[in-house]
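Make one complex out of these two single chains by using the hints.
Residue numbers (my numbering), protein chains in the order written: chain C, 8 to 293; chain S, 2 to 251.
Warning: the hint list may mix true and false statements.
[Unchecked claim] Cβ-to-Cβ under 8 angstroms is the rule here; a few derived chain C residues that face chain S:
#1 Ser188
#2 Gln189
#3 Ala191
#4 Ala192
#5 Ser195
#6 Leu196
#7 Gly197
#8 Leu198
#9 Gln202
#10 Tyr206
#11 Ala207
#12 Pro210
#13 Gln211
#14 Arg286
#15 Arg288
#16 Gln289
[As the list claims (entries may be wrong)] Per label pair, the in silico range of CB-to-CB distance:
#17 C:Trp205 - S:Asn77: 12 to 20 angstroms
#18 C:Asp128 - S:Ser42: 55 to 63 angstroms
#19 C:Ile119 - S:Gly131: 42 to 50 angstroms
#20 C:Ala100 - S:Asn77: 26 to 34 angstroms
#21 C:Ser226 - S:Ser42: 43 to 51 angstroms
#22 S:Gln217 - C:Pro134: 56 to 64 angstroms
If you're looking for bench data, these hints aren't it; they were derived computationally from the structure.
Keep in mind the model is a prediction, meaning the values are calculated, not measured.
Cβ coordinates follow ideal geometry from the N, Cα and C atoms, glycine included.
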Amino acid sequence: MVEPGRQHPQPHGVKPTRSHFGEEGARSALIAAASTVVFVAAIVALVLTSDTWPKVRQQFFNWDDARTVWPAIWKGFQRNLWMFAVAEVFILAGSLVVAMVRSLRGPAFFPIRALATIYVDLFRGLPLYLVLILMGFGIPALDIDGVPNSVWFWGVTALVLSYSAYTAEVFRGAMDSVHESQRAAARSLGLTQVQTLWYAIVPQAVRNAIPALLNGLISLQKDVALVAVLGYREALREADIYKSRTFNYTGFVVAAVLFLIISVPLARFTDWYTERDRRRRQQRAV
Amino acid sequence: MNAPTKLAVRDVYKSFGDRAVLQGIDLAVSEHEVVCLIGSSGSGKSTLLRCIDLLESIDHGEIAIEGEVITAPGVNPNLVRRRIGIVFQSFNLFPHLNVLNNVTLAARRVHGVARADAEARARELLDRFGLGEKVEEYPDRLSGGQQQRVAIVRALMGDPDLLLLDEITSALDPELVGEVLGVIRGLAEAGLTMVLATHEMGFARDVATNVAFLDQGRVLELGPPDQVLRAPNEERTRRFLRRVIDAGRL
Numbered sequence: 008m009v010e011p012g013r014q015h016p017q018p019h020g021v022k023p024t025r026s027h028f029g030e031e032g033a034r035s036a037l038i039a040a041a042s043t044v045v046f047v048a049a050i051v052a053l054v055l056t057s058d059t060w061p062k063v064r065q066q067f068f069n070w071d072d073a074r075t076v077w078p079a080i081w082k083g084f085q086r087n088l089w090m091f092a093v094a095e096v097f098i099l100a101g102s103l104v105v106a107m108v109r110s111l112r113g114p115a116f117f118p119i120r121a122l123a124t125i126y127v128d129l130f131r132g133l134p135l136y137l138v139l140i141l142m143g144f145g146i147p148a149l150d151i152d153g154v155p156n157s158v159w160f161w162g163v164t165a166l167v168l169s170y171s172a173y174t175a176e177v178f179r180g181a182m183d184s185v186h187e188s189q190r191a192a193a194r195s196l197g198l199t200q201v202q203t204l205w206y207a208i209v210p211q212a213v214r215n216a217i218p219a220l221l222n223g224l225i226s227l228q229k230d231v232a233l234v235a236v237l238g239y240r241e242a243l244r245e246a247d248i249y250k251s252r253t254f255n256y257t258g259f260v261v262a263a264v265l266f267l268i269i270s271v272p273l274a275r276f277t278d279w280y281t282e283r284d285r286r287r288r289q290q291r292a293v
Numbered sequence: 002m003n004a005p006t007k008l009a010v011r012d013v014y015k016s017f018g019d020r021a022v023l024q025g026i027d028l029a030v031s032e033h034e035v036v037c038l039i040g041s042s043g044s045g046k047s048t049l050l051r052c053i054d055l056l057e058s059i060d061h062g063e064i065a066i067e068g069e070v071i072t073a074p075g076v077n078p079n080l081v082r083r084r085i086g087i088v089f090q091s092f093n094l095f096p097h098l099n100v101l102n103n104v105t106l107a108a109r110r111v112h113g114v115a116r117a118d119a120e121a122r123a124r125e126l127l128d129r130f131g132l133g134e135k136v137e138e139y140p141d142r143l144s145g146g147q148q149q150r151v152a153i154v155r156a157l158m159g160d161p162d163l164l165l166l167d168e169i170t171s172a173l174d175p176e177l178v179g180e181v182l183g184v185i186r187g188l189a190e191a192g193l194t195m196v197l198a199t200h201e202m203g204f205a206r207d208v209a210t211n212v213a214f215l216d217q218g219r220v221l222e223l224g225p226p227d228q229v230l231r232a233p234n235e236e237r238t239r240r241f242l243r244r245v246i247d248a249g250r251l
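Just chain S, same shape as in the assembly (with noise of 0.2 angstroms):
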């Protein structure tokens, strides 16, 4: 790859307690890549998207932007969120806002967007996703797969230079993946850089550039979807891989 690097993470440790979650984490992702995290539960996965985005501090080693190290003491974590996007789990749209007002907020309010700018862009984010008709719902009254879409819609009204995606689909009935996976694999075939947790391991190995195995805290195995998933060369990543089969998933 001889794009730039967007994200890299250097030897990066948390821990809650006494539980260490990520130990000497190091990844690089280059620009228009999508890196798929795998790994079973417990791995890592979303603590190193958490504290990509800042929202947990890490112990030690540094996370670097386009070479801007943004673990570095002085920095403002508001502006570094403002140029990353990250869509959670269980969506954390605000029950108390409608989609109009759940996507427009930080434009309104960080960006200092004007309001009929701002409402302008998100309806035309919110159509092209086929959220049109929803935007004055409220999220209570919208499926899973709606609210997931908004939430992707939210993370994207601030143009990010890198979209972190949290397990999407994971809170989704069945039925409703595909909606959500749709809009993520248009995204990557615009080139956005996206780092994503997934447990869709078919999903992964159709949309991802590289693909990083964490286990224990380490991403253990990195490279394509093909070798990774394919032929991996750690017992463990086999290991894994096996179960992940059996329960039907690849």
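So here's chain C without its partners, still in its complex pose (with noise of 0.2 angstroms):
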């Protein structure tokens, strides 16, 4: 496939131009088009053609069923950006404590340093699901008093611990790009550790973990899925609810859909944003 911006073979006697209003540029955005609905229409008509089309068209992108299927897989998915949110707000705020404490230096803060080093190692070693399947099934059968045992509170519970722990590492990395003079400049003030990376490493080192931490917002959007495995009735579990009872999969396109009127806007602002921030980078080195 031809990308567009790329250079292409040139006439002879012409000099290479990366004008997108020259005759050139005309020439590769006209190609580039081309090319792509040669592509798309070859691959639409591969899927069109095949022996079970009819079949798969019936049970993956029923109109009837759509419809039928629409008002709670909506209700679900509503639930799931809820989870998404609520789970941000504390992946967020715990990842950020988490990073602040594997940043402190010195023996006295050795306990608590290495208590976070575990936690992220732990957390970060266990795959999703298999946290949310130890908690949302786990805790809860212990039943112990005064421990809840919502499915929704350790749904949201393991993909905020499993998520702090990737986020908590985005942050520290962030915090060591700082200049070292800067932590020099504010404990020579006379400023705490604490107080040093809260004022003056912290707010740094945020601005450049945000394009690396938009990519976990995304992320987690679509993870936030897999609470289905508890049974908690989001998008994925009610369009798997209607596959049981009628063998008709279009309740998961629905839901497929749904996420990607989330995601696909999600990942077009982070590349904008991390566009942005580039250039302003050079500019500033310039």
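Set out below in structure tokens:
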């Protein structure tokens, strides 16, 4: 496939140009568009001419089923969004605390630093699916007084614990990338280690971490659907219930579209932000 | 000098890995004195200043301020640093804070001064150093000389007993050096005790009470600028000064 903006073979005697408006640019755009159309058409043709397509269409893309299953999926998806929002708030706050703890220096802080390291190693080392099952089924099964046994609660908790471990490392990396002299400047003014991190290092680190945090956000938005494994009736679970009843998979496609409606704009925004950030840095370097 | 000893550095050693940077430094600074540390790069000037501010731990020896040993175990370094101001070669202003917040951060968070009081004092100091117009600006909008003056004000906000200056003009364009040195000259005349590492020999001659020549992690020669810079006793000092003169810096 030809990518737009790439240089293409030039006619003899014409100097290569990167202009988007020149004859060459127009030609590039034309080639890109044509090849895209051909490529997509080929795939569509391949699918539509498949012997089993009518059956697949009936099972996955059935309009009547979509309309029947829609209210349940939509209600479930709103639950996904709510879990996503609640989890993200706790992830950002929790991971920042863990990252700060891991950035404290000196032997006095060894115990909590070690604790934070163990936590990060543990939860980064376990598949999220496994954490969900262990916490969602395991802890309520203990039946301890005062410990919630709500699937929602343990599902969100598992997401928070797992994602915070990753996000803490994002923050820590960003804090490490702030120049050491900033730490020295803050300490020299008499600020404590925690004050130094909070007032001098973290504000600069957060700015650097935003692209990575946005990527994490997109990832979490989808992984929220894993809570379905606990039987919680979010979008994916509703699609599954409908499938068990009717042997029709359209609900999954409906859910997929809903997830894409959220995650694609988020991805575009992340790209846009990262690019703007990159340009700003370049400007500052000049 | 009969003034009381402000800073005493006694037999201080410091290594980074197997690189010995300080190898038995002795230095005494009396109140109102300005001591200039000179010597080639790697002679230990910056490391000494960083050790005095407890930004580096020392391997051996002791450092005392007004007779109180600050390198003893159990001393809270945050309390020591409140009494010492330091200005770095590369300014090290906080890029996410404007001038006023750079200067008042420590007053508000460390010394517990109310924001209004801290800002009033900051504005007064910034005004005095010709930065009254720049209060709301962010560091990246200031020239190097302006940034360095802001850094000096930031260090002065805590009313330090001792001000340490680490080659504060080395990162400046030549035409900006004067404005920063002017500020330091004013502080010296006001009687602030200072220790400064510098490559500006002319300035050292003007402003220093004593000049210390550091060589391979030791104070090789210490005395009034006229003696150390014009008639040094040590061959190494003479060689260093000749190189400086050849480079046109004295």
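Hints violated by the structure (listed by number, smallest first): Violated hints (numbers, rising): 14, 15, 16 and 18; every other hint is consistent with the structure.
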